[in-house]
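Just so you know, the sequences run in chain order E, P, L and A.
Going by UniProt numbering, the residue at position 252 of the first sequence is 252; the numbering climbs one at a time, nothing skipped.
Going by UniProt numbering, the residue at position 151 of the second sequence is 151; the numbering climbs one at a time, nothing skipped.
Going by UniProt numbering, the residue at position 212 of the third sequence is 212; the numbering climbs one at a time, nothing skipped.
Going by UniProt numbering, the residue at position 110 of the fourth sequence is 110; the numbering climbs one at a time, nothing skipped.
Hints in this document: simulated from the structure, not taken from any laboratory.
Check the hints yourself; a few may be wrong.
[To be verified] Only part of the chain P face toward chain A is listed, based on derived beta-carbon distances under 7 Å:
id	residue
1	Asn170
2	Ser175
3	Leu176
4	Cys179
5	Ser181
6	Leu184
7	Phe205
8	Arg209
9	Tyr220
[What the hints assert, rightly or not] Derived lysine-lysine pairs resembling DSSO-like cross-links, with alpha carbons at most 27 Å apart:
id	chain 1	residue 1	chain 2	residue 2
10	E	Lys20	L	Lys88
11	E	Lys12	L	Lys35
12	A	Lys132	P	Lys162
13	L	Lys191	E	Lys12
14	A	Lys93	P	Lys145
15	P	Lys57	A	Lys112
16	L	Lys35	P	Lys57
17	L	Lys56	P	Lys207
18	P	Lys215	L	Lys88
19	P	Lys49	L	Lys88
20	L	Lys165	E	Lys30
21	L	Lys148	L	Lys136
22	P	Lys162	A	Lys112
23	A	Lys129	P	Lys74
24	A	Lys81	P	Lys74
C-beta atoms are modelled at their ideal positions from N, C-alpha and C, and glycine is treated no differently.
Residue-level listing of the chains:
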Amino acid sequence: MVKEFESSINEKDFILQGIKEGLRLDNRDKYDFRQIGITFGPDYGRSEVTLGNTRVLAKVSCEVTRPYQDRPAEGMITLNTELSPMAFPSVEPGRPSEEEILVSRILEKAIKRSRSIDTEGLCIVANEKVWSIRVDMHFLDHDGNIIDAACIAAISALAHFRRPDITVIGEEVTIHSIEQRNPVPLSIHHMPICVTFAFFENGEYVVVDPTLQEEQIRQGDMTMTLNVHKEICALSKAGGTPLKMETIINCSQIATTRAKWITEQIQAALDAEKSKK
Amino acid sequence: MATRADKRSSSTIRPISITTSLLSRDGSASFSFGNTKVICSVNGPAEVKLRDEKLDKATIDVVVRPLVGTPGTKDKTHEYILRSTFEGVIQSGLHPRTQIQIVSQVMMDDGSIIAAAINATTMALIDAGIPMKDIVAAISCVISKDDQILLDPTLQEMENVKSFHTFAFNKTSSSLLFCESLGLFTDDQYFNCYEICNAAASAIFEKMREAVTNKLQEEYHIES
Amino acid sequence: MTSNEDKMEIDHEGTELDVVLPGDPINIARKDDLKLGPGLTLTQDSVICIKAGLLKHFNKKNKWYVESNQKRYIPAEGDPVIGIVTYKGGEYYRLDIGSAHQAILPILAFPNVNKKSRPILNIGSLVYARITLANKDMEPEVACCNPKTNKDEGFGELKNGFVIKCSLRYCRRIISQETEICSLLKKLGEKHEINLAIGMNGRIWIRLKSDDTRDTIYCYDVIKRAENLDNDDISELINSLND
Amino acid sequence: MSNVTNENNINLNTAITFEAETFRRIQPEEYLRRYIQQHVRPDGRSFNHFRKTTVNLSCITTADGSSMVRIGNTTVICGIKAEVSEPNVNFPKEGYLVPNVDLSPICSPRFKPGPPGEQAQVLSENLNKLLKNSRVIDLETLCIEEGKAAWVLFADIVCVNYDGNVFDACVIALMSALMNVRLPEAVYEDGLVKATEEKTIILDLIRISYSASFAMFDGHHLLVDPNEMEESITKDGITVVVDETGQLCNIWKTGSSCSSEQLKTCISKARDRYADITSIIEKAKQAI
Numbered sequence: 001m002v003k004e005f006e007s008s009i010n011e012k013d014f015i016l017q018g019i020k021e022g023l024r025l026d027n028r029d030k031y032d033f034r035q036i037g038i039t040f041g042p043d044y045g046r047s048e049v050t051l052g053n054t055r056v057l058a059k060v061s062c063e064v065t066r067p068y069q070d071r072p073a074e075g076m077i078t079l080n081t082e083l084s085p086m087a088f089p090s091v092e093p094g095r096p097s098e099e100e101i102l103v104s105r106i107l108e109k110a111i112k113r114s115r116s117i118d119t120e121g122l123c124i125v126a127n128e129k130v131w132s133i134r135v136d137m138h139f140l141d142h143d144g145n146i147i148d149a150a151c152i153a154a155i156s157a158l159a160h161f162r163r164p165d166i167t168v169i170g171e172e173v174t175i176h177s178i179e180q181r182n183p184v185p186l187s188i189h190h191m192p193i194c195v196t197f198a199f200f201e202n203g204e205y206v207v208v209d210p211t212l213q214e215e216q217i218r219q220g221d222m223t224m225t226l227n228v229h230k231e232i233c234a235l236s237k238a239g240g241t242p243l244k245m246e247t248i249i250n251c252s253q254i255a256t257t258r259a260k261w262i263t264e265q266i267q268a269a270l271d272a273e274k275s276k277k
Numbered sequence: 001m002a003t004r005a006d007k008r009s010s011s012t013i014r015p016i017s018i019t020t021s022l023l024s025r026d027g028s029a030s031f032s033f034g035n036t037k038v039i040c041s042v043n044g045p046a047e048v049k050l051r052d053e054k055l056d057k058a059t060i061d062v063v064v065r066p067l068v069g070t071p072g073t074k075d076k077t078h079e080y081i082l083r084s085t086f087e088g089v090i091q092s093g094l095h096p097r098t099q100i101q102i103v104s105q106v107m108m109d110d111g112s113i114i115a116a117a118i119n120a121t122t123m124a125l126i127d128a129g130i131p132m133k134d135i136v137a138a139i140s141c142v143i144s145k146d147d148q149i150l151l152d153p154t155l156q157e158m159e160n161v162k163s164f165h166t167f168a169f170n171k172t173s174s175s176l177l178f179c180e181s182l183g184l185f186t187d188d189q190y191f192n193c194y195e196i197c198n199a200a201a202s203a204i205f206e207k208m209r210e211a212v213t214n215k216l217q218e219e220y221h222i223e224s
Numbered sequence: 001m002t003s004n005e006d007k008m009e010i011d012h013e014g015t016e017l018d019v020v021l022p023g024d025p026i027n028i029a030r031k032d033d034l035k036l037g038p039g040l041t042l043t044q045d046s047v048i049c050i051k052a053g054l055l056k057h058f059n060k061k062n063k064w065y066v067e068s069n070q071k072r073y074i075p076a077e078g079d080p081v082i083g084i085v086t087y088k089g090g091e092y093y094r095l096d097i098g099s100a101h102q103a104i105l106p107i108l109a110f111p112n113v114n115k116k117s118r119p120i121l122n123i124g125s126l127v128y129a130r131i132t133l134a135n136k137d138m139e140p141e142v143a144c145c146n147p148k149t150n151k152d153e154g155f156g157e158l159k160n161g162f163v164i165k166c167s168l169r170y171c172r173r174i175i176s177q178e179t180e181i182c183s184l185l186k187k188l189g190e191k192h193e194i195n196l197a198i199g200m201n202g203r204i205w206i207r208l209k210s211d212d213t214r215d216t217i218y219c220y221d222v223i224k225r226a227e228n229l230d231n232d233d234i235s236e237l238i239n240s241l242n243d
Numbered sequence: 001m002s003n004v005t006n007e008n009n010i011n012l013n014t015a016i017t018f019e020a021e022t023f024r025r026i027q028p029e030e031y032l033r034r035y036i037q038q039h040v041r042p043d044g045r046s047f048n049h050f051r052k053t054t055v056n057l058s059c060i061t062t063a064d065g066s067s068m069v070r071i072g073n074t075t076v077i078c079g080i081k082a083e084v085s086e087p088n089v090n091f092p093k094e095g096y097l098v099p100n101v102d103l104s105p106i107c108s109p110r111f112k113p114g115p116p117g118e119q120a121q122v123l124s125e126n127l128n129k130l131l132k133n134s135r136v137i138d139l140e141t142l143c144i145e146e147g148k149a150a151w152v153l154f155a156d157i158v159c160v161n162y163d164g165n166v167f168d169a170c171v172i173a174l175m176s177a178l179m180n181v182r183l184p185e186a187v188y189e190d191g192l193v194k195a196t197e198e199k200t201i202i203l204d205l206i207r208i209s210y211s212a213s214f215a216m217f218d219g220h221h222l223l224v225d226p227n228e229m230e231e232s233i234t235k236d237g238i239t240v241v242v243d244e245t246g247q248l249c250n251i252w253k254t255g256s257s258c259s260s261e262q263l264k265t266c267i268s269k270a271r272d273r274y275a276d277i278t279s280i281i282e283k284a285k286q287a288i
């Protein structure tokens, strides 16, 4: 159990002073994201995202299972966001920390609850066999804003994923291997993108995509999940300083432009991958 | 010599790639055999939990995370393998009452995962500057249905084989540190695999030396 | 550049790279008055290497050591370090210096202090101190004054400014005044008046006289970037400073 | 042997002399080294001497097959319970054999209550891999109706007394319990499985494999069947599993280095051990 690295008062004061003057250590503007790197794995559904020094790996896999009784004709999506001691040294394997619960809840809302993936399309034989899609998130390095990086990784992995093709004759289901029939992508309605804000001095100063040092001194944070059509899927403001309505509206404008920019980055990476194949 | 699906001869290893210091931890490294890739991070010697504290040496804590699914008994066994293999090699007596935490994460799974994890751990420990009296290299092989020994098998080559072997050797005396052999095999087959993997291990040690040399050249800006 | 014993001098023993890995046996001709530095150890009869890095030796003094780099600091006596106060006790402060155990800074380890005039440090403040006791079985101890001269020699609390985190080797290079980095810092000093405190534990404290945030970030960036540059890149960096 | 007075035979180069028990507690390694130098072990055994092994079968009436194995003080009980369930969708013709080792606090104070610790999980995993890879039982013989119903054999192994070398005891217990299993006739009719009252069907096992474990001390002393004290000092060791034809099924070696000659001796000793165990099991079979 290694204590989270605490910075000194001098560093905290300096960063706060910098934010007040609109200056950040890595010379970013207050509404800018860090450099995003998306690399897709040799196998389908594997995406490794770097957001500055924050690094997240998402792996999508599928299997055939029985559906839930109350939704016999719908597939399932499960998300595993266990924090790894690689990125969070002070985490105890087994006992989920408070941060882990917050992160997994936001990602759950962003990817599952927002109906981004069409689950009806995952049904094979009603209340017999459905596809169960599993997204495993692995946090490799944490330099702030793990939520946005994880969301980009999950969405790009789901978009990159292909499941084996199947033919159904009555009860009989045959699953074709990748060599026989080329695999089928998931049907994605829209791409929810998380944009995280950090607030300082009772909401007077706002910063997008905070680094770990900025996260340590923020007084409040908010994560907006929205898609490229300017629709808000989820909004999480868990405690922290109360914010005026204008700040939230102002943040939503910034969030829409950022979400559009990120979606373009994901699309560019996907197209590059397609042309490489 | 029946060549394999990816045109390799039976005793060639897939292309090895090693990168170090890629994470913000004290030491980190990624090791890959072709499409099998494992990232390992080392943190320490650092603060230890009171209940794990040992008075005369460092506590070695290992966490192994699979690529898919939640960690199960298979990963717990890999943790036990990594800890027992490296406990004999790390000079933990130099840092009493501390903890050296090794976290190994599978990035791509195309066979020989435990061998890649052991090699990644060696490189991560070197990157973290943890004192060791020797280093460890590991390699796997299978004996196929027609009694052919295939070195460094891919996931596909590991299905319906007669037996599957993983060996880990140390560098100086290249003696055996870890071995797991499963399936049905005779003594000669076992010792054949032992020799082939021993030779392959020294090739991996050369790759490790090359990686360290390249990194040092970069750091000291001396073109070799 | 011949090295003398007392100054911590990096000996530029030619450019031929003698890379060693843990476990490599080192064959040493002269066994008499052999001095083994960091990274090497004696087993039964032979010397083996326990860290990866470059093997260096001074044949005059038959002193051998391995020059390696790492991020995790291992306390060594006499090292100046930058610590963060994490606990304020009656008799001592506890500092986090980035090593396995936190360092103890006794209240009396300040120049001309007595029971009454206590130094005021609170949790989270930065302290520049020298390691007085370092041993693997005990918690390290630091002090902010030189017991002989009872002067603070620059040690004590560091007020505002910022901290650069870097590898241990970079700090060693700066402290040993390698020419390129010296000239870089001098050049930087001409533009902005800076004072620096170099901690051997991979932390460098930087504060500009003008306390201007923009310039401090500029200097922070220059020093951080110089870590991975080689000598001629650094001179390029120096020329680029003029504009 | 263990309470030998230390005045006479331990050479007195060490100035201070201890009561044997305190010496063992302070310097366990040195204590063991003194014995090994005299080619004897603290409990009086020679290096190649397995502890007294006894097996008795069907000791649990409610289980479909059970056995209790004692190797010296290490006591392990295996109970196999058969149930019916749907076969895996990818292997419609196969039943399941699920071994699980439980090292509960009863057997030794080192185990805490709660979920299985690392050692228990490693034992279960190694047993599972042994069964799967060296095909002890053809899982298709457990199939009742393809794709619909198949037998699941839950093999729960509980360690009652822990005194080292639990893996050997578990392997013997599992194999002997499998031999002891009696299953009822089962037939599948439109969604229901009908099983006859008396249980007569015996599992046809393709292979019976037994294991032998060794501890390596100071790099060149091979101690057979280490007890708890020896295991805690030498930490890890070698386990060799052979089957009735003498073919190797599994070699598992962790910890400090060893040479191939030592591996050869372990393999030959494992084969000798195999003969002893089969005779013990034969005796146990007549006993029921």
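Right, here's what the structure says about each hint:
no. : hint                : result
1   : Asn170              : 6 Å, holds
2   : Ser175              : 4 Å, holds
3   : Leu176              : 6 Å, holds
4   : Cys179              : 4 Å, holds
5   : Ser181              : 4 Å, holds
6   : Leu184              : 6 Å, holds
7   : Phe205              : 15 Å, violated
8   : Arg209              : 20 Å, violated
9   : Tyr220              : 33 Å, violated
10  : E:Lys20 - L:Lys88   : 31 Å, violated
11  : E:Lys12 - L:Lys35   : 44 Å, violated
12  : A:Lys132 - P:Lys162 : 12 Å, holds
13  : L:Lys191 - E:Lys12  : 26 Å, holds
14  : A:Lys93 - P:Lys145  : 23 Å, holds
15  : P:Lys57 - A:Lys112  : 24 Å, holds
16  : L:Lys35 - P:Lys57   : 25 Å, holds
17  : L:Lys56 - P:Lys207  : 23 Å, holds
18  : P:Lys215 - L:Lys88  : 42 Å, violated
19  : P:Lys49 - L:Lys88   : 22 Å, holds
20  : L:Lys165 - E:Lys30  : 23 Å, holds
21  : L:Lys148 - L:Lys136 : 26 Å, holds
22  : P:Lys162 - A:Lys112 : 39 Å, violated
23  : A:Lys129 - P:Lys74  : 10 Å, holds
24  : A:Lys81 - P:Lys74   : 24 Å, holds
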